[in-house]
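Engineer: Protein chains in written order, with this note's numbering: chain A, 159 to 272; chain B, 8 to 121.
To be clear, the hints were calculated from the coordinates, so they are not data collected in a lab. Hints should not be assumed to be uniformly reliable.
For lysine-lysine, the following DSSO-like pairs were computed, each having C-alpha atoms within a straight-line distance of at most 27 Å [said to hold, decoys possible]:
1) LYS62(B) x LYS113(B)
2) LYS171(A) x LYS77(B)
3) LYS62(B) x LYS77(B)
4) LYS215(A) x LYS171(A)
5) LYS80(B) x LYS113(B)
6) LYS215(A) x LYS85(B)
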Amino acid sequence: KAGVTQTPRYLIKTRGQQVTLSCSPISGHRSVSWYQQTPGQGLQFLFEYFSETQRNKGNFPGRFSGRQFSNSRSEMNVSTLELGDSALYLCASSFDRYGFTEAFFGQGTRLTVV
Amino acid sequence: AQTVTQSQPEMSVQEAETVTLSCTYDTSESDYYLFWYKQPPSRQMILVIRQEAYKQQNATENRFSVNFQKAAKSFSLKISDSQLGDAAMYFCAYRGSGNTPLVFGKGTRLSVIA
Chain A
159 KAGVTQTPRY LIKTRGQQVT LSCSPISGHR SVSWYQQTPG QGLQFLFEYF
209 SETQRNKGNF PGRFSGRQFS NSRSEMNVST LELGDSALYL CASSFDRYGF
259 TEAFFGQGTR LTVV
Chain B
8 AQTVTQSQPE MSVQEAETVT LSCTYDTSES DYYLFWYKQP PSRQMILVIR
58 QEAYKQQNAT ENRFSVNFQK AAKSFSLKIS DSQLGDAAMY FCAYRGSGNT
108 PLVFGKGTRL SVIA
């Protein structure tokens, strides 16, 4: 069974540009969550999608957005990039949304904003 | 809001020895779930072990076990017979019962000395 796939693995963007990151969950998983990981702030929750609906949203500005498609694949978009957006972006998928369910993570997309 | 605290930014252990990583959390909920994730240099987060708060028995997975103290809100991870492959960042995570996202601690970097 294929794991969670995130593309691209690495990305370099210029301040002010926008970027789209993609996440393909494990087959059959309907929940996809996104996290931002930085050395200073650690892992911070961005948003969660379940069956194409955003169920939870973290404390990030509106420049961060996402969506989920009918095949459960998810994308997140960051507009008007800032230097502080440089981070590892992790996607996690799970079969359902209930508390004890294991979340499977992808290898992440390393975004560098210059 | 729930918070997770890992007070040891770095730990080291000799190969074949035992090490304990600390984690405390703050919550007003009585029903919740706790997790330990491992993030090796490859960046992919892997679930190590999980615990349901209503279960008094401590979870065990091979060389990994937890000491769950609900009243003290403590959830430490014990790694026995440490191996070189255990070297990684370890994250403690909390999830409430209301379909809320995972909340992570800042992590503990574990080094294993041959």
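Engineer: Taking the earlier hints as the rules, which of them does this structure contradict?
Structural biologist: 2, 6
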